[in-house]
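Protein chains: 2
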Amino acid sequence: MSTTRDEVLASLRALLGEGAVVVEPHELERYEKGWRYGRGKALAAVRPSSTEEVSRLLRHASAAGLRVVAQGGNTGLVGASTPDGSGEMLVLSLERLSRTVEVDPVDRTVTADGGVLLSTLDAALAGHGLLFPIDLGADPSIGGMVATNTGGTRLLRYGDVRQNLLGLEVVLADGTVLDLMRPLRKNNTGFDARQLFVGTSGAFGVVTKAVMRVVPRPVQRVTALVGVSSGAAVLGLLARLETQLGEVLTAFEAIGAAALAPVFRHQPRLRDPFGGRPPAYTVLVELSSTLDPSRLALDDLLESALGEQLEAADGGEMTDVFPGKPSELWEIRHGVSESLRQEGEVLAFDISVPRSSMAAFVDAARETVAAGWPFVRFCDYGHWGDGGVHVNLVWKPEDAPRPTAELKAELQPRLYDLAVNRFRGSYSAEHGVGPHNQAFYDLYTPELVREVCRLLKARLDPAGLLGTVRLG
Amino acid sequence: MSTTRDEVLASLRALLGEGAVVVEPHELERYEKGWRYGRGKALAAVRPSSTEEVSRLLRHASAAGLRVVAQGGNTGLVGASTPDGSGEMLVLSLERLSRTVEVDPVDRTVTADGGVLLSTLDAALAGHGLLFPIDLGADPSIGGMVATNTGGTRLLRYGDVRQNLLGLEVVLADGTVLDLMRPLRKNNTGFDARQLFVGTSGAFGVVTKAVMRVVPRPVQRVTALVGVSSGAAVLGLLARLETQLGEVLTAFEAIGAAALAPVFRHQPRLRDPFGGRPPAYTVLVELSSTLDPSRLALDDLLESALGEQLEAADGGEMTDVFPGKPSELWEIRHGVSESLRQEGEVLAFDISVPRSSMAAFVDAARETVAAGWPFVRFCDYGHWGDGGVHVNLVWKPEDAPRPTAELKAELQPRLYDLAVNRFRGSYSAEHGVGPHNQAFYDLYTPELVREVCRLLKARLDPAGLLGTVRLG
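Chains as they are written, first to last, in the working numbering: chain A, 1 to 472; chain B, 1 to 472.
Since the hints were made in silico from the structure, they are not lab data. Just so you know, even glycine gets a beta-carbon here, dropped at the ideal spot from N, CA and C. Misleading hints may appear alongside valid ones.
[What the hints assert, rightly or not] Covered stretches of chain B (chain A as the covering partner; in silico rule of three or more C-beta atoms under 8 Å from a C-beta of chain A): (1) 255-261; (2) 380-389; (3) 440-452.
[Said to hold, decoys possible] One-sided and incomplete, this derived list gives chain B residues near chain A with beta-carbon spacing under 8 Å: (4) S294; (5) P354; (6) A429.
[Claimed, not checked] Ranges of calculated distance between the beta carbons of each label pair, as one might list FRET restraints: (7) B:D363 <-> A:G87: 54 to 62 Å; (8) A:S327 <-> B:V219: 47 to 55 Å; (9) A:S327 <-> B:R271: 45 to 53 Å; (10) A:S119 <-> B:S304: 44 to 52 Å; (11) B:G65 <-> A:G87: 30 to 38 Å; (12) B:E102 <-> A:E88: 48 to 56 Å; (13) A:S304 <-> B:E29: 55 to 63 Å; (14) B:G65 <-> A:V177: 39 to 47 Å; (15) B:E331 <-> A:A360: 41 to 49 Å; (16) B:L443 <-> A:L448: 28 to 36 Å.
Please work from the sequences and hints to get the whole structure.
This is the structure:
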């Protein structure tokens with residue numbers, strides 16, 4: 001360990017070539033900084049361009065005792081893809097590991113290198129009338145999506161990465177390449193080793209390749225906004241629409257009034273159908289189908305299903321229905337997070353509860369916040385069809401009696417406790433685990449599970465060199 | 001270990017009550033015998049009726065060093081739910097652990113005890129317009145389905161048990177109850193401990209309860225048989241129908257001519273649309289929808305899609321299309337296995353390959369068998385939409401030059417080698433692992449995966465008391 005920094009960098013250059021090693025501070029910055037939160041300090045960023053190079057790099061890092069954090073698109077929100085502040089970690093960037101994108105239309109699969117971006121994948125699949133059904137605001141890499149188990153807005157219909165993953169190639173800390181690439185839909189041969197690497201934030205290995213099952217690409221898509229008078233009514237509408245619309249229901253998102261209003265304030269080119277008076281909840285319903293409109297008229301279907309609901313709605317549970325172009329309505333939905341940031345300080349929570357408890361949880365959370373932190377605006381929106389809710393707490397800096405960090409330290413444990421202990425929910429619905437929520441991982445993970453993770457870590461990364469999260 | 005059998009039985013009765021312990025040979029037989037294959041010898045069958053009783057029993061068994069095999073519906077095909085021949089194992093039957101069946105229509109989930117049967121679950125869900133989408137010829141229990149990761153004929157549309165599992169309760173060998181019951185669709189908080197118990201044949205614990213995500217129940221279902229001239233043409237038809245029919249395609253099964261003919265020979269009440277001259281492959285296509293026929297006419301859709309294919313088919317690739325009632329066409333499909341058994345000796349293989357390789361694999365397997373074992377009839381059928389194929393080898397006993405056991409020892413390694421090594425396939429597509437295919441598990445499982453399983457076993461069942469499969 002008496003190796004100097006220059007010696008380390010020289011050995012990395014010798015190993016992978018000059019261009020693979022980034023050290024200049026202004027070039028290094030983007031590898032050190034999280035997409036939205038956090039900032040670390042790296043020894044260097046290293047960019048291998050093949051599985052063999054990843055293997056060589058990790059073997060070398062293991063021998064030299066260098067800590068490594070893998071980074072794909074670096075769009076994560078829990079700090080799992082950026083180095084810590086020590087200045088001693090290597091960032092293993094997957095950005096050059098992005099040559100393979102193979103679509104097999106008969107197999108209905110796509111094989112991609114770990115660094116291939118979602119947008120690249122989507123473009124390749126579109127040409128074959130296929131779709132990788134993970135839909136997000138960000139553009140992560142395949143490797144990062146596996147390590148996070150990405151979900152997104154169409155999970156309701158298509159599931160998450162775990163549910164669509166067929167094959168996987170992983171490089172372990174010592175450079176061993178683990179080939180789990182059989183692209184099989186049916187393969188019941190004992191413990192499914194792929195699961196070690198799904199949603200575990202790179203703690204057990206670096207995902208260098210994956211085979212994903214993909215779906216036929218819809219040829220039509222229709223959307224509408226529905227005004228609903230309460231959270232309970234949102235759940236009622238969800239259950240009834242699922243029964244009525246079944247397999248063509250693709251998304252069911254709900255936006256609370258306090259989360260919706262800022263969108264139209266900060267993005268004036270978006271048309272506000274509610275004329276500045278948003279209902280308690282605005283639901284975005286999307287239907288899509290691979291069947292032709294001549295065969296199945298989705299616009300009619302949605303209009304009549306919502307019309308029926310509007311008519312049957314008891315005591316004004318549903319206030320309005322506005323059909324609209326998918327691109328426009330999704331822009332409203334995707335504009336929420338950014339617009340809230342323009343309103344002041346924001347604390348954002350990525351929570352899930354059993355979806356039948358969504359209304360009760362949101363009400364309880366709102367009351368908790370109102371009682372103790374009356375200057376905070378409670379803004380909630382999310383994937384009600386999947387029990388996922390983004391609770392955003394917003395306040396004007398000048399109204400805050402204490403610094404943001406202190407308020408976070410007060411509010412975070414309260415809301416997580418409510419979700420996890422009272423509503424059997426989760427403190428990280430889709431963002432995964434990383435340094436930003438490590439303390440809550442430690443608090444809420446069953447001891448037996450952590451013990452199993454320690455055993456796994458001791459075998460797969462005995463020196464503890466990989467990643468920035470501690471699962472054991 | 002000098003305890004006598006009588007002392008063991010007395011202690012079990014003291015623990016769980018007289019009625020929970022079955023020892024009479026004629027009563028014990030059904031717990032000792034596999035559904036289709038195999039027969040062991042049990043010390044006793046014990047039937048706890050609550051998770052607490054399962055916990056008490058396993059704690060006692062651990063202390064006394066008694067080996068235990070859990071048994072649900074006992075419909076498995078690899079010997080994983082029956083005792084070995086030692087006469088020293090306890091069968092832990094889940095049949096009385098079947099009180100809880102709770103449907104939550106807003107959550108769209110069902111919570112069931114480990115011993116609840118698929119048929120019971122289905123009946124409870126039907127009343128709510130919901131469906132647990134695992135479709136099989138057998139009637140397994142929920143616990144057994146999790147331990148096997150059951151697939152079935154509608155996996156193409158709905159996925160397997162793993163993909164529909166939300167929460168899980170498991171009792172470990174030492175009696176510890178592991179509560180992983182949060183019924184969340186989104187919960188990305190590190191290693192997914194549920195995966196330790198899915199498809200691992202009870203080696204790591206006994207599944208006592210599960211929460212499954214269920215789907216809206218279709219209100220219409222249409223089927224047709226399609227005559228196809230080759231395996232390659234079956235794959236072409238599959239890819240084109242998926243593009244055309246997308247989300248309403250529920251099943252795509254193909255039956256080779258040699259597998260179809262015996263159905264009509266042995267089940268004369270079934271009508272043979274091909275008049276005794278079956279095509280190379282008969283494909284059963286099923287569409288289903290939760291939309292009303294007035295909204296989406298599935299019968300029209302299927303007829304026109306297949307008509308279009310028939311017209312476009314090059315050089316007689318598709319020979320015939322016969323629409324028919326789902327119940328009747330499925331009876332033909334489900335009659336294959338039983339009919340082949342009436343033709344003579346049968347060796348059955350449950351194989352999968354990447355689905356784009358189905359035709360090539362089946363051809364290669366057929367050639368292999370014809371070259372070395374000319375007296376064998378090669379009969380194949382299965383889930384082509386999912387890359388699953390049941391290869392059945394059939395011969396008349398009088399034609400066999402050697403005993404069945406010897407022929408099995410020759411043929412099994414050849415076919416598995418072909419599937420696993422040449423076609424990147426699996427020797428157990430959906431039946432799981434157990435004593436019947438342990439040797440192939442040992443042969444084909446990556447050493448690292450077995451090593452991980454040894455670590456897991458050492459923690460979760462250190463004395464090796466649970467189950468009859470050895471994953472490490």
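Cross-check of the supplied hints:
{"no.": "1", "hint": "255-261", "verdict": "violated (count 0)"}
{"no.": "2", "hint": "380-389", "verdict": "holds (count 4)"}
{"no.": "3", "hint": "440-452", "verdict": "holds (count 8)"}
{"no.": "4", "hint": "S294", "verdict": "violated (11 Å)"}
{"no.": "5", "hint": "P354", "verdict": "holds (5 Å)"}
{"no.": "6", "hint": "A429", "verdict": "holds (4 Å)"}
{"no.": "7", "hint": "B:D363 <-> A:G87: 54 to 62 Å", "verdict": "holds (59 Å)"}
{"no.": "8", "hint": "A:S327 <-> B:V219: 47 to 55 Å", "verdict": "violated (32 Å)"}
{"no.": "9", "hint": "A:S327 <-> B:R271: 45 to 53 Å", "verdict": "holds (51 Å)"}
{"no.": "10", "hint": "A:S119 <-> B:S304: 44 to 52 Å", "verdict": "violated (36 Å)"}
{"no.": "11", "hint": "B:G65 <-> A:G87: 30 to 38 Å", "verdict": "violated (54 Å)"}
{"no.": "12", "hint": "B:E102 <-> A:E88: 48 to 56 Å", "verdict": "holds (52 Å)"}
{"no.": "13", "hint": "A:S304 <-> B:E29: 55 to 63 Å", "verdict": "holds (58 Å)"}
{"no.": "14", "hint": "B:G65 <-> A:V177: 39 to 47 Å", "verdict": "holds (41 Å)"}
{"no.": "15", "hint": "B:E331 <-> A:A360: 41 to 49 Å", "verdict": "holds (47 Å)"}
{"no.": "16", "hint": "B:L443 <-> A:L448: 28 to 36 Å", "verdict": "holds (32 Å)"}
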